[in-house]
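**Student:** Knowing the structure of chain A, use the given hints to seat chain B on it.
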Amino acid sequence: MHELSIAESILDIIKKQVKDRVTAVRLRIGELSGVVPEALEFSFQSASMGTLAEGAALVIERVPLTARCGDCDEVFKINDYCFACAKCGGGNFKLITGRELQIEEIEVADT
Amino acid sequence: MIVRHIPCGEKTSMKVKLVKNILEANDRIADENRRLFEKHKLFVINVMSGPGAGKTTLLGATINALKSRIKISVIEGDIATTRDAEKIAETGVPVVQINTHGACHLDANMISEALKDLSLDGGGLLIIENVGNLVCPAEFKVGEDAKVMLLSTTEGDDKPLKYPLMFSESSLLLISKIDLLPYTNFDVEKVKKDARSINPDLEILDVSARTGEGMDRWYDWIVKRLAV
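Protein chains in written order, with this note's numbering: chain A, 1 to 111; chain B, 1001 to 1228.
Treat the hints as calculated values from the structure; they're not laboratory data.
Hints may contain errors.
Here are the simulated distance ranges between beta carbons [said to hold, decoys possible]:
1. A:Lys-19 / B:Lys-1190: 39 to 47 Å
2. A:Ser-46 / B:Thr-1100: 12 to 20 Å
3. B:Thr-1100 / A:Asp-110: 37 to 45 Å
In silico DSS-like links for lysine-lysine, alpha-carbon gap of 25 Å or less [to be verified]:
4. A:Lys-15 / B:Lys-1192
5. A:Lys-15 / B:Lys-1020
6. A:Lys-16 / B:Lys-1041
7. B:Lys-1067 / A:Lys-94
8. A:Lys-94 / B:Lys-1020
Predicted model only: the values in this text are computed from it and were never measured.
We put the beta carbon where it would ideally sit given N, CA and C, even for glycine.
Isolated chain B (complex conformation):
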């Protein structure tokens, strides 16, 4: 609808009403990615957290535990360097590195481009490790089935209320580095209460990739969804 708006006297202007989602271009590509994932029967998780929460370590352990049973591939997002991709490549699964060159998040188009370098046939699990950032990645859909976020015990228990968007958008919260809990004043119950107050449907698991504590439940979470 176009509304002509003529203010008293001098200058005239025209208002173009449209009400459009600013990220519609991204969402459209995310939908295309999603259709591609469905066609290839891929279960796709978008793994997000602040820097240093232990995403790469957790994913390395996860891949080593599941790769004999499940076809796994990985897309690594980082602002720069290929360090995370190199670590993941040691597990022997296919990995594509995206360097965002400054952007603090992955968007649907970056994923669409990266998919060209992966063989999607045969289904299985596709892990997208997002750029380490507690805010921006939550804003951009990439076509994933589930958003999984990590919050480590060393980051502090005030994060859910400080960064509510990611907790609101995620399906699963992994409280990582749970083995370090005795050395911190991190209040696990407070985090769970705050996180569930933001997102009543949020599932939460305590894990340690280093000691293996709680990791079986995380693997079960993945395997159960792959079977559906």
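Bound-form chain A, shown alone:
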């Protein structure tokens, strides 16, 4: 349940960035991060009560896992945690995306 800590971190950032009522928050969450979107939504709803972000929609974009092969330089997508190069089958790689935990945009009501 570290989603609650993450929800609180999101609210801290919102507090520093905006002064108006928040209507939506866009997030980018990597597939390899241990975050369960439903749990994060639930935590955010509870933690945002009484704040500017109460009732705001949490829009979560899942960022797929991608890596660059260390043998053939191919950039490939990793499906179902099958960590092998799609081109040469090699297992020597560096992750490119999939570890994101980012807040991308905050939408506020224009007053």
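**Tutor:** The following block gives chain B in isolation, referenced to the frame of chain A:
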């Protein structure tokens, strides 16, 4: 950058673009911790596993084996109780207990607070025993030099593919309770293959804190890094 976005008609709204790491506050404190560790020439390991993998038993044996050669201190993370800290305190090394009161992981700020109760002078090894959980602790940096994870033979060999994040983040995997292997259907080679498929740089050692099997290689792993 602020983009004014006016949808057709009625309500207006404003979008604030920012692209910020959600855990930036944690990462900033982790960096501060790291600088403090470097200043005091401390080698810091963050030890993680699911509950019951044998972290405390392994660490107790490790401390007893190394304490005459190395200055060791310990930060114990648990949701509640001081049982693990009491066990570690029996070894005679300084130990600080953090009770997270519900949180399933340690974060950089908890470590920063705990450091106030430890004497960092003289370098050596600082062991951070994280809360027993195979998911959440891997998400939070605390300023450590290396993440070390345990997976016990009694937990099952499907864990790397079920919980890839921790295997991806760790530098060393200790396959613990290796003495119990004959009583399980745990496939050691499959675990190693799956874990290395997630993290090609992962080092793996088979150990048993109870019988001492493989423990020398684990101690060597620590001592080698302290010397650098």
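**Student:** List in ascending order the numbers of the hints, as given earlier, that are violated by the structure.
**Tutor:** As far as the earlier hints go, 1, 4, 6 and 7 are violated by this structure, in ascending order.
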